[in-house]
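Residue numbering for the sequence shown follows my numbering, beginning at 10 and increasing consecutively.
One or more of the hints may lead you astray.
Cross-link-like lysine to any residue pairs, in silico, SDA-like; alpha carbons within 20 Å at most [said to hold, decoys possible]: (1) 133 with 154; (2) 133 with 11; (3) 122 with 154; (4) 62 with 27; (5) 347 with 12; (6) 277 with 195; (7) 122 with 167; (8) 118 with 165; (9) 40 with 167; (10) 277 with 347; (11) 249 with 96; (12) 118 with 85; (13) 87 with 72; (14) 347 with 96; (15) 118 with 180.
Source of the hints: derived by calculation from the structure; they are not laboratory data.
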Amino acid sequence: MERNDRIALLAELGDYMLQAPDAELSAILDKAYLDNRWFTRENTLQALSAIAKAFLNRDRLLHWVSGYTLAGPLHPGKTIGLVMAGNIPLVGFQDWLCVFVAGHRALVKCSEKDKVLLPFLVGKIGEWAFESWEYTEFLSESDKLVGFDAVIATGSNNTARYFEQYFRKYTHIIRRNRNSVAVLDGCETPAELLALGRDIFSYFGLGCRNVSKLYVPRQYDFSLLLEILHEYRALIQHDKYKNNFDYNLTLFVLNRIRYLNTGSLLLKEDAALQSRIASIHYEYYDDQRGLLAELDRRNAEIQCVVGHMVLENWTVLPFGKSQEPGLADYPDGVDIMKFLSQLEH
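My request is simple: use the sequences and hints to build the entire structure.
Right under this line is the structure:
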């Protein structure tokens, strides 16, 4: 297949994903939820919409791919092993997309937490153009990942150490835990704080682009923030989320840890970037110089930063935009397409 033909298929898939779910897709949404109770219909539809708008627009795809020098074989060039995470719906879609556009074959090991969505979407493309099937193969849980030229693997810090050992002989991208942070200065409007809630609560806060840590100025007044974040109280109706909230609250009370409570989120002063589900950490800063030093020190742990403050050497996303990455917003800042293009030489 020509690259433009693959891009046309992706654009068609984007149109399909933006439509109201048909009977087939509705059944897949139900199956995804049965497999993983965090994948509510609302969350999965949000992921489908975000992917379709940001990744599957024909003009955006053509503009994005024009920035790379890629070979144009009519059949897959290399075989790329993809080991995907399953923390939020379709979290590995961008890896598959890059391999498909670059003209390589994806050998995909889906997470058990997210094993039906991507195969279904790739299957739709296969229905429209049968020859596209040679670009993707999905492995079962028991299948070993073998016979590949390079690999992109995503997991926890513990899993990444295993990946580093297992894939050490291959060209690879290995991803570890990262978290996102918000920088507040006390001048945020109610609308900005409400948008910050989307950065915190989308997908129940399970994504690496979800804000799990707040940096706030010394003597910061939390009252408006707590009032605004209370607007997201409906999340507590989800049983798994509520179980985590109740567990964290019990721990804080028993251990006499100071906390703030919005009714659906617990805020605790803590230096760690990663927080438990249904909780978020905050840390005070005294001046921008000290804040920048802290962010730079933890650069390898941070996925993205949201706020309205200008921070030297950092791209700061507007509030509410952390879960809206574009085609060139690569996880961990590692350019997947550049990585794939280098395999051709």
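When the hints from earlier in the document are held up against this structure, which numbers fail?
1, 9, 10, 13 and 14
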